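A.B. asks: Listed below, chain by chain, are the residues.
2 protein chains.
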Amino acid sequence: MPTPLQPAVSDLIANWINPDIQAMIAYHVPAATGLIKLDAMENPYIWPASMRAEWVKIISQIDVNRYPDPEAAALKIKLRQEFAIPNNLELLLGNGSDELIQILLLAVGGNDHIVLSIEPSFVMYRLIANWTRIKYVGVPLKQPDFTLDINAILTAIKQLKPALIFLAYPNNPTGNLFPSELIHQIIREAPGLVVIDEAYAAFANASFIDEIATYNNLLVLRTLSKMGLAGLRLGYLIGTKDWIEQLAKIRMPYNINILTQVSAEFALHCKDILDAQTKLIVAERGRLLQYLSRLPQLTVYTSAANFILFRVPRSELVMENLKAAGILIKNLHGSHPVLDNCLRVTVGTPEENYKFLTEMQKICTNRS
Amino acid sequence: MPTPLQPAVSDLIANWINPDIQAMIAYHVPAATGLIKLDAMENPYIWPASMRAEWVKIISQIDVNRYPDPEAAALKIKLRQEFAIPNNLELLLGNGSDELIQILLLAVGGNDHIVLSIEPSFVMYRLIANWTRIKYVGVPLKQPDFTLDINAILTAIKQLKPALIFLAYPNNPTGNLFPSELIHQIIREAPGLVVIDEAYAAFANASFIDEIATYNNLLVLRTLSKMGLAGLRLGYLIGTKDWIEQLAKIRMPYNINILTQVSAEFALHCKDILDAQTKLIVAERGRLLQYLSRLPQLTVYTSAANFILFRVPRSELVMENLKAAGILIKNLHGSHPVLDNCLRVTVGTPEENYKFLTEMQKICTNRS
Chain A
59 MPTPLQPAVS DLIANWINPD IQAMIAYHVP AATGLIKLDA MENPYIWPAS
109 MRAEWVKIIS QIDVNRYPDP EAAALKIKLR QEFAIPNNLE LLLGNGSDEL
159 IQILLLAVGG NDHIVLSIEP SFVMYRLIAN WTRIKYVGVP LKQPDFTLDI
209 NAILTAIKQL KPALIFLAYP NNPTGNLFPS ELIHQIIREA PGLVVIDEAY
259 AAFANASFID EIATYNNLLV LRTLSKMGLA GLRLGYLIGT KDWIEQLAKI
309 RMPYNINILT QVSAEFALHC KDILDAQTKL IVAERGRLLQ YLSRLPQLTV
359 YTSAANFILF RVPRSELVME NLKAAGILIK NLHGSHPVLD NCLRVTVGTP
409 EENYKFLTEM QKICTNRS
Chain B
59 MPTPLQPAVS DLIANWINPD IQAMIAYHVP AATGLIKLDA MENPYIWPAS
109 MRAEWVKIIS QIDVNRYPDP EAAALKIKLR QEFAIPNNLE LLLGNGSDEL
159 IQILLLAVGG NDHIVLSIEP SFVMYRLIAN WTRIKYVGVP LKQPDFTLDI
209 NAILTAIKQL KPALIFLAYP NNPTGNLFPS ELIHQIIREA PGLVVIDEAY
259 AAFANASFID EIATYNNLLV LRTLSKMGLA GLRLGYLIGT KDWIEQLAKI
309 RMPYNINILT QVSAEFALHC KDILDAQTKL IVAERGRLLQ YLSRLPQLTV
359 YTSAANFILF RVPRSELVME NLKAAGILIK NLHGSHPVLD NCLRVTVGTP
409 EENYKFLTEM QKICTNRS
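Protein chains in written order, with the numbering used here: chain A, 59 to 426; chain B, 59 to 426.
One or more hints might be untrue.
[To be verified] Below are the DMTMM-like pairs computed for lysine to aspartate or glutamate, each with C-alpha atoms no more than 20 angstroms apart in a straight line:
no.	chain 1	residue 1	chain 2	residue 2
1	A	Lys329	B	Asp121
2	A	Lys219	A	Glu177
3	B	Lys329	A	Asp121
[What the hints assert, rightly or not] Over the 10 angstroms line for every Cβ pair with chain B, so calculated as not near, a few chain A residues:
no.	residue
4	Gln139
5	His327
6	Thr357
[Claimed, not checked] Per the computed footprint, the stretches of chain B lying under chain A, defined by three or more beta-carbons under 8 angstroms from a beta-carbon of chain A, are:
no.	segment
7	150–160
8	302–309
No lab work stands behind these hints, which were simulated from the structure alone. Since the structure is predicted, the reported quantities are computational estimates derived from the model, not experimental observations. Note that the Cβ used here is the ideal one computed from N, Cα and C, for glycine as well.
Generate the whole structure from the sequences, applying the supplied hints.
C.D. replies: Listed below in structure tokens is the structure:
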């Protein structure tokens, strides 16, 4: 029985929710049940039975009634070991890199600060900047190959003095690895922080971790998601003690749950298995690139990640045909003007890729 | 080899990190290894072997290479069932209530909006308001019994027009349950949202969930942490579709990892076991209150939660003596002026409580 004098919910929302959030449309993840899932940059390989059995033994020892270690000390030690992170650098952990991106944006927010990135790139930079109320500027990549427009970026840096720059290396959704000299140039010219997002580092054999000691304004963002642990949601940020100390202040004290801490640590003990899976993915990426490039009507972009971007005459039609064949990839049409009719396929198992290629061949030669 | 022309890290931090964050001191969680842990409002009971075995069987089926269900649909169904959440209400899940508090603050932030709470209460309201750049005002509770100062609150509401009010019910760290009529009055007078934080609902037998349909501006915040699942980090916010739809826009799409989703759902299937543990805690709370009240030199406050607040002549001395006896409780001295020499003990197992009481008796009768 609502009191008659109460304002309507719609009026309350209009009055009190930030207008930018009111205007936002929720991020939608399409249903994938029963489909071959090549839409989300997941490693397609499950764990071997022996690894699973060992994991479950460790899980069975966990007491979930207690709060997790707020520092995740054991997991951090393992991350340091496996990714050769020098002792003079510190780590900050998040629920996926998403949480760390939000921490970074909150840390530099206020005071009319600006965050800069390139477009198109990982959409969460812009989205989270929007709801943390920090002005976001995206410098367009060059056409037609999505290369860095270094002059435009350096001009933007001079004019806007960004507090924070995000650079995905390799870039998502374009898949390319920007030349490292250009990244160095950006880091040197940036007045504020530069975060190199190495979510796809496992597939690229390139990293700026070793440069953190060289530049006072450099941080590197990583995630375990693309190396086979997407379900655990673990991201990590690497930087010098002074930076991480500031950022750690606005991390929720128990943000990484106990099951993720223990499971990620365990999985890193078996990193050789995950690395072998990554190698398979890289080999399959080469095969996919080669076959896709031969198909008529496609523009295929090179990739240093675990996905391939390509352009078709009519992306919606291709999506429909693939879906009818039981395959889900990502339609980027509409997400950014330069991605008109662009699709992104995640590298799957050889069987999955075969099915995808077979279907693409049908679509390209018969129907479109 | 740092380039000589680079600014120092300290200058970069001073220039680019928000001054409020620079001024903050990181939230510190004291080490508890080897101690009887009565500091963190944890349920002290671990899972019986049969429950653990069933859980592990389910865990062993999980493929962590895939992203978790972004909607956590199965877990939401179970939460609805077990907590009798009506079908016309929606749920928003977070990594602990902390993440949901941040979502709420980000949603109403900007435009000079103000958030209101009482003091002392859950510290995260103020802390997160600080780093999300929304002005926080805390209305002091009445002395000496930490009751609601309804006139001061209603005056603050009229003057400040808060976009959001947090009320912990029961309150932490004071433990008391405010009279429901006063909460109703606050909800009716508030121009914006009111969030009733029911983190300790399991111990209080009181809730505002059934009032959500009555008031257009009411949301209820809950967590599984205090009912035995602190390690999983699962909070949930209950509200009407319109509100949850707005707030869901600024939730990270895959915020709840797969292990927490599956384990929380499983634990709720065994809710009778957790409820029996809660009953033991409530019975022990009564015993602790009774014995503590008899000790000389203590002021003991009544509690509707799983902890008890009490005041001693010298809190630091009591902490030291308890620690020497292997017991960790929480010293609130210094956290707020009205909490001078206040300590907070979480209700443990009968054995733990006995040890704590024995030690307190020694401290109160012999030493202080």
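A.B. asks: Next, verify each hint and record whether it holds.
C.D. replies: Hints versus structure:
Note on Lys329 (chain A) and Asp121 (chain B): the hinted pairing holds, with a Cα-Cα distance of about 16 angstroms set against a maximum of 20 angstroms. Annotation: proposed proximity of Lys219 (chain A) to Glu177 (chain A) holds, straight-line Cα distance about 18 angstroms (limit 20 angstroms). With a CA separation close to 16 angstroms, the supplied pair Lys329 (chain B) and Asp121 (chain A) stays within the 20 angstroms bound. Chain B leaves Gln139 (chain A) outside its interface by the beta-carbon criterion, the shortest separation being 20 angstroms against a cut-off of 10 angstroms.
With a least beta-carbon separation of about 14 angstroms from chain B, His327 (chain A) lies farther than 10 angstroms from that chain, consistent with its non-interface assignment. Taking the minimum C-beta to C-beta distance to chain B, about 28 angstroms, the non-interface status of Thr357 (chain A) holds against the 10 angstroms cut. Counting residues of the segment 150–160 of chain B whose C-beta lies closer than 8 angstroms to any C-beta of chain A gives 5; at least three are required, and the coverage claim holds. A count of 5 residues in the segment 302–309 of chain B with a Cβ less than 8 angstroms from any Cβ of chain A is obtained; the coverage claim is therefore met, three being the minimum.
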